[in-house]
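Going down the list, the protein sequences come from chains A, B and C. Just so you know, we're using my numbering here: the first sequence kicks off at 1 and counts up by one. Just so you know, we're using my numbering here: the second sequence kicks off at 1 and counts up by one. Just so you know, we're using my numbering here: the third sequence kicks off at 1 and counts up by one.
Do not take every clue at face value.
As the list claims (entries may be wrong) - Some residues of chain C that are not near chain B, with every Cβ distance over 10 angstroms (derived):
hint, residue
1, Ala23
2, Gly72
3, Leu119
4, Pro185
5, Glu190
6, Ala283
7, Ala323
8, Gly363
9, Thr494
10, Asp535
11, Asp541
Unchecked claim - Now the stretches of chain B that chain A is said to cover, found in silico as 3 or more residues with beta-carbon under 8 angstroms:
hint, stretch
12, 82-90
13, 107-116
14, 154-165
15, 188-198
16, 214-224
Keep in mind the hints are simulated off the structure, nothing from the lab. Built from N, CA and C at the ideal position, the CB exists for glycine as well.
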Amino acid sequence: MTTSTTSQRGGLSSTALASIPIAIAINVVLGQLVQSVLKLPIYLDSIGTVLVGVLLGPLAGAITGLLANVIWGLTLAPSALPFAAVAAVIGLIAGYARQYGAMHSWWKMALAGLLTGVVAAAISAPIATYVFGGVTGAGADVLVAMFQSLGASVLGASFMQGAVSDPLDKTITYLIVWAIISALPKRLLARFGANAQ
Amino acid sequence: MQRTGLFIERAGFLQRLNPLTKATGALLLIGATFLLPAPLTGAALLGGGLLPLALASLVARRFLDILLKTLLPVLISLVLVQGLFFPTADPTIVAIGPLLFRRAGLQFALDTGSRLLVVAGAPLLLFQTTHPGMLVQALIQSGMPRSIGYILLVALQLIPAISERAVGVAEAQRARGLETEGNVLQRIRGVLPLISPLIVGALVEAEERAMAIEARAFNAPGPKTWVRAIPDPPAERMARIAMLTALGTLVVWRVATFFSG
Amino acid sequence: MNDVLHSHTPIALRRVTFTYAGATEPALRDVTLTVPAGQICAVIGRAGAGKSTLCALCAGFVPHFFHGRLDGEAVVDGLPIATHPIAELVRHVALVGSNAFSQISGARFTVYDEVAFGLENLGVPREEMIARVEWALQALGIDQLRDRSPYALSGGQQQRMVIAAALAMRPPVLALDEPTAQLDPPAMAELAAVLHSLSRQGITILVAEHRLEWVAEVAERVVALDRGALLADGAPADVLTDPRLCERGIGWPRPTQIAARARAEGRWAPDRSLPITVTDLAAGLRAAAPDQASMNGQDGASRSAVVQPLDGTDGALSVAHSAEPIVTLDEVHFTYPAGVEALRGVSLAVRRGERIALVGRNGAGKSTLLRHLNGLLRPARGRALVGGVDTRTTTVARCARHVGVVFQDVRNQLFARTVRDEIRFGPRNLGFAPEKIDALTEAAIDALDLREVVDEHPYDLPPARRRLVAIAAVLAMDTTLLALDEPTAGLDHTSIGLLMRLIDDLAARRRSVLVVSHDIDFCYEALDRVVLMRDGQIALDGRFADLDRAQREALDSDVGLPIALRLRYVSP
Numbered sequence: 001m002t003t004s005t006t007s008q009r010g011g012l013s014s015t016a017l018a019s020i021p022i023a024i025a026i027n028v029v030l031g032q033l034v035q036s037v038l039k040l041p042i043y044l045d046s047i048g049t050v051l052v053g054v055l056l057g058p059l060a061g062a063i064t065g066l067l068a069n070v071i072w073g074l075t076l077a078p079s080a081l082p083f084a085a086v087a088a089v090i091g092l093i094a095g096y097a098r099q100y101g102a103m104h105s106w107w108k109m110a111l112a113g114l115l116t117g118v119v120a121a122a123i124s125a126p127i128a129t130y131v132f133g134g135v136t137g138a139g140a141d142v143l144v145a146m147f148q149s150l151g152a153s154v155l156g157a158s159f160m161q162g163a164v165s166d167p168l169d170k171t172i173t174y175l176i177v178w179a180i181i182s183a184l185p186k187r188l189l190a191r192f193g194a195n196a197q
Numbered sequence: 001m002q003r004t005g006l007f008i009e010r011a012g013f014l015q016r017l018n019p020l021t022k023a024t025g026a027l028l029l030i031g032a033t034f035l036l037p038a039p040l041t042g043a044a045l046l047g048g049g050l051l052p053l054a055l056a057s058l059v060a061r062r063f064l065d066i067l068l069k070t071l072l073p074v075l076i077s078l079v080l081v082q083g084l085f086f087p088t089a090d091p092t093i094v095a096i097g098p099l100l101f102r103r104a105g106l107q108f109a110l111d112t113g114s115r116l117l118v119v120a121g122a123p124l125l126l127f128q129t130t131h132p133g134m135l136v137q138a139l140i141q142s143g144m145p146r147s148i149g150y151i152l153l154v155a156l157q158l159i160p161a162i163s164e165r166a167v168g169v170a171e172a173q174r175a176r177g178l179e180t181e182g183n184v185l186q187r188i189r190g191v192l193p194l195i196s197p198l199i200v201g202a203l204v205e206a207e208e209r210a211m212a213i214e215a216r217a218f219n220a221p222g223p224k225t226w227v228r229a230i231p232d233p234p235a236e237r238m239a240r241i242a243m244l245t246a247l248g249t250l251v252v253w254r255v256a257t258f259f260s261g
Numbered sequence: 001m002n003d004v005l006h007s008h009t010p011i012a013l014r015r016v017t018f019t020y021a022g023a024t025e026p027a028l029r030d031v032t033l034t035v036p037a038g039q040i041c042a043v044i045g046r047a048g049a050g051k052s053t054l055c056a057l058c059a060g061f062v063p064h065f066f067h068g069r070l071d072g073e074a075v076v077d078g079l080p081i082a083t084h085p086i087a088e089l090v091r092h093v094a095l096v097g098s099n100a101f102s103q104i105s106g107a108r109f110t111v112y113d114e115v116a117f118g119l120e121n122l123g124v125p126r127e128e129m130i131a132r133v134e135w136a137l138q139a140l141g142i143d144q145l146r147d148r149s150p151y152a153l154s155g156g157q158q159q160r161m162v163i164a165a166a167l168a169m170r171p172p173v174l175a176l177d178e179p180t181a182q183l184d185p186p187a188m189a190e191l192a193a194v195l196h197s198l199s200r201q202g203i204t205i206l207v208a209e210h211r212l213e214w215v216a217e218v219a220e221r222v223v224a225l226d227r228g229a230l231l232a233d234g235a236p237a238d239v240l241t242d243p244r245l246c247e248r249g250i251g252w253p254r255p256t257q258i259a260a261r262a263r264a265e266g267r268w269a270p271d272r273s274l275p276i277t278v279t280d281l282a283a284g285l286r287a288a289a290p291d292q293a294s295m296n297g298q299d300g301a302s303r304s305a306v307v308q309p310l311d312g313t314d315g316a317l318s319v320a321h322s323a324e325p326i327v328t329l330d331e332v333h334f335t336y337p338a339g340v341e342a343l344r345g346v347s348l349a350v351r352r353g354e355r356i357a358l359v360g361r362n363g364a365g366k367s368t369l370l371r372h373l374n375g376l377l378r379p380a381r382g383r384a385l386v387g388g389v390d391t392r393t394t395t396v397a398r399c400a401r402h403v404g405v406v407f408q409d410v411r412n413q414l415f416a417r418t419v420r421d422e423i424r425f426g427p428r429n430l431g432f433a434p435e436k437i438d439a440l441t442e443a444a445i446d447a448l449d450l451r452e453v454v455d456e457h458p459y460d461l462p463p464a465r466r467r468l469v470a471i472a473a474v475l476a477m478d479t480t481l482l483a484l485d486e487p488t489a490g491l492d493h494t495s496i497g498l499l500m501r502l503i504d505d506l507a508a509r510r511r512s513v514l515v516v517s518h519d520i521d522f523c524y525e526a527l528d529r530v531v532l533m534r535d536g537q538i539a540l541d542g543r544f545a546d547l548d549r550a551q552r553e554a555l556d557s558d559v560g561l562p563i564a565l566r567l568r569y570v571s572p
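Chain A with its partners taken away, still in its complex shape (with noise of 0.2 angstroms):
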């Protein structure tokens, strides 16, 4: 049968060399499309990082994220970079939920994306905190003033600020990234080696 892909070298084959710089230009573009366009709590600037890790894998989503964020750091914003381990993670998730059989159905891939949020905002949390002190300077740090003022320390008020928009944001992502792979056809499935439908 047709394997995914060609020559491999330590890790990345060549498909994965052609699909991750599409991937990470994908998060940018529509990134900044959402922010600038639909102006709700979701960022929707991880739809790359999730589909690599789904279509090539734990190592391959990982590296997606974390040059993803290097990327969106190198040309728009170098206050992004400290995140690059959030970003990294949710690609590593992504491919083991797909090894996890997250794709068998859209329930299973929202579930996915909502544990997927959790983590990453677990992640972000001492990040936000340490580095940002806990704000993000968008509208959500509304949330963190509250989430203090009851009593949060500031660590706890960052973590739980993530967690009202994060798994939403990812559970969304979770969703489109299905509706995709769904319809893509057979001859990429093949060369993603996304057989386990």
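Since the structure of chain A is provided, determine the placement of chains B and C on it from the hints.
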């Protein structure tokens, strides 16, 4: 957004330096910001380090412009959120106008904000004065995997292309009657017809690009060569060693003081 | 340094059969082909006949990148394809596809560096790298572009850069898969010159193509494939006039077709062989009737710069009353945000039943005008009326009821899981009743001959078929005007014939068609009114049949003349 990211082509001081030197310098500055205990270290490093360098490199205005654009919302939020709601046992209040700031909170905000200036500013200056192609080549020549470098450069150059493609998709679908200027429900229904061709098209193109990668012998075995040479004068090499040593010393010192209480 | 050494036969295929993984039918059957050094060998055939597979095979992408079962012997430059990985084969054979954009590595920021990229990967010492890059840039005539970004080039320039990048690795064999698909006529001519030059330097070239006229100018040898098997193999003059080409749907070059018709009408010497180039065609026609220099000359035809009345040549189609135009552009001016003034006072009206060709050089304003036809762009000055409504007061979605546009890059449009779902999208958006949606969808499927692939994923189809799907998807919207942007790019003879019949059918049903195209011969054969754009204005607007001398010259200088008109009017 241009294909070279934040890079600004100028004949200034930093532009002439080897990318690794600059990267090491940025690392040192960021490390110092975190490791030095003095308050407002960040602001000092910005004013005494980054700004003069930016001026010498003829990018000061763009540097400040972007730095403030990205950080101002955060700084304002810091002062307001942490200044007013910082969880602290310290009851001291600083009144500014009608607002009652907690002194500990303000202190925290200023410290964090000051540090942020360098954490965001150092990489910014690095990217503004270094051509991404040169930076990646220098990193690869120092041991970074070629794949990573390749991905970074291609992603950079593809962003404008994907942007244009997104416009093309929107045009094509609107021409088929897709309503994009309507109510929220209509816009939600438009998400898939707008995103899907973009991504599927990109994946199909990825297959073609994978072929191109193979065709350019990316996977050929053996050592690689470079058509461009990046100058690396001994003075800079020594400077790098000095900076790394300084950073190492700082770490050791900080760890030592931490344990000695 | 310039001549390539040959110690082996460049291409030696013996009884090669290849079946893609997951396919039921072989893509190549029992193909035996030997190409000697320095020859330009063209491969022609219908879409899906195996041309791309053959090219990919010669470079090792079949079977190492596109997996499947390979039987027979395939040896390129002395290396058996089956046992050598692509990374090794790249020094011996280079594959260049039709979409130059996706073959740009993306890892380099100037043309110079891009051409050097492959050499860096091969570990070539710097001095030699520089020498080879210089040679490649010169050979392809792009030396002056060396400092430009690869992404800031025209399609033709990108194509040449990609070939240069491949050649810098000094492979003695070059395989080109539909290199002219994205090129306009001037770029096609430049490419032909480049290939001739390379061939003289000893490089063996295999080129797969649909455009038979171009093949006639370029190739020294032509191989025809039909469903994976060799149909014909020989000199261009023999293969391109072989009657079997027409039988199997590959078609003949236009000069051949015209001469065959002339022969049937007694205007071509029966013992004279059919031509494959315009020059030979002209010579043959003159030989048969030397005193008819301008046979059907209409030099006195009136110049027309205003809208023509409805087409009345096919008497049955002439309309008694003048209908309200579908689209009216009234002194439209438009400037892009970047400052480019793309339209400078354009007036145009499209009425029912018209078949219009919109032609002009790159940058003349064709794309901008096209986007004013459905409200995607709105005039800065002047008015654009669609269905009687000013486009500034309505939305694109509402204009889409009257004007359907199929853009050039079909990938921007396809997103559904099956061909049928893709076609249904348009009518659904327009809010038709379910029965009407079904009826329109099925009618469009049949009109574009897609019945057998109706449940397939559009991306699983060959590119030519995908374009037909895109056209069907807009056709199903049942608009009064159907606008097509470069619809013939990448289409084979059979599909172009299908398109022509569709256009005729639409005109007969009093729908209108507007086609933006570089292919002036297609325009002449399928459409009756030509609108030439130049520098943001309409330079000429009239019927092909009624063009006067000045108009023909204007057309010729910008986009060329259709062969038929060239024969009639251009003096020997």
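Tested hints:
1. Ala23: 17 angstroms, holds
2. Gly72: 23 angstroms, holds
3. Leu119: 7 angstroms, violated
4. Pro185: Given a closest Cβ separation of 24 angstroms, the condition holds.
5. Glu190: 22 angstroms, holds
6. Ala283: Its Cβ never comes within 10 angstroms of chain B, the nearest being 42 angstroms, so this holds.
7. Ala323: 23 angstroms, holds
8. Gly363: Holds: least Cβ distance 17 angstroms, greater than 10 angstroms.
9. Thr494: 24 angstroms, holds
10. Asp535: Correct as stated: the minimum Cβ-Cβ distance to chain B is 24 angstroms, above 10 angstroms.
11. Asp541: 24 angstroms, holds
12. 82-90: holds (count 5)
13. 107-116: holds (count 6)
14. 154-165: With 8 residues in contact (Cβ-Cβ under 8 angstroms with chain A), the coverage given for the stretch 154-165 of chain B holds.
15. 188-198: Since 5 is at least three, the answer is holds.
16. 214-224: holds (count 3)
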